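Given these sequences and hints, build the entire structure.
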Amino acid sequence: MSRWMQLGFEDACCSNMKNLIAYHDLVMFVAVVVSVVVFSFMVGGIWSEFTYRCIGTSQKLEFGWTLFPMFWLGVLIGPSIHVLYVMDEVVNAFMNLKVIGRQWYWSYQYPVSVNGLVDNFTFDSYMVSMEELKEGDYRLLEVDKRAVIPAEKTVRILVTSMDVLHCWTLGGMGVKVDAVPGRLNQVSVNSFRCGVFFGQCSEICGANHSFMPIVVEVLPLGFFNSWLLGLSNSE
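First residue of the sequence shown: 1, per my numbering; consecutive thereafter.
Everything labelled a hint here was simulated from the structure, so no lab data went into it. Where hints are given, some of them may not hold.
[Claimed, not checked] Restricting the straight-line Cα-Cα distance to at most 25 Å, the calculated cross-link-like pairs of lysine to any residue (SDA-like) are:
1. K98 with P79
2. K134 with W104
3. K176 with Q200
4. K145 with E10
5. K18 with M87
6. K134 with S107
7. K176 with N96
8. K153 with P111
Since this is a predicted model, take the numbers as computed values, not measurements.
Structure follows, in structure tokens:
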């Protein structure tokens, strides 16, 4: 998660976030190059001792300042389409996790096996109040029940809402999915390292919008299976 006085993004834990950070760096490079060129022309025009009493037309100049931005836009289009395509593509998902936004908490639905039959187990995740925080907990970010996913496995996350618009956001995973009533939006996550990742609702959804934290814990596959087995036993 973020650290005090941190500059830049959180440490990426999946390929989606790494792609977004790489594309951000490319965009910033292009923006700096364009800014330096434009600023140089502005300063040169202000401090130059030459003046032009009669400014005529110049086909080469007009062609140049039209081609210059087109070139840089072309540089940005290719990686952008690639990142969007990779983020939308879900191939051979290991499991589905359904996320349901409510005022003002999250519900998580897992497929579990009960008596040999596959069933859906749902639990609610509420923010822990300040009075119940333990030493080392994070204010306005801790929840009573965390969502858990396996590491190094592709997880399809389906997001919807039961009332108003919400947004399920995890910065470390590069995930920001709108929760729309009556609609299922999906995103895939494949975390290559274990840990606990924090997020918050990113869509203003009412009076307690600020109190909808998201906590996802990534565990090795063996530990995740044990956790999932505990869910089925509790069912």
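Hint-by-hint comparison with the structure:
no.: 1; hint: K98 with P79; result: violated, 30 Å
no.: 2; hint: K134 with W104; result: holds, 22 Å
no.: 3; hint: K176 with Q200; result: holds, 10 Å
no.: 4; hint: K145 with E10; result: holds, 23 Å
no.: 5; hint: K18 with M87; result: holds, 11 Å
no.: 6; hint: K134 with S107; result: holds, 23 Å
no.: 7; hint: K176 with N96; result: holds, 17 Å
no.: 8; hint: K153 with P111; result: holds, 16 Å
The structure fails to meet hint 1 from the earlier list, while all remaining hints are met.
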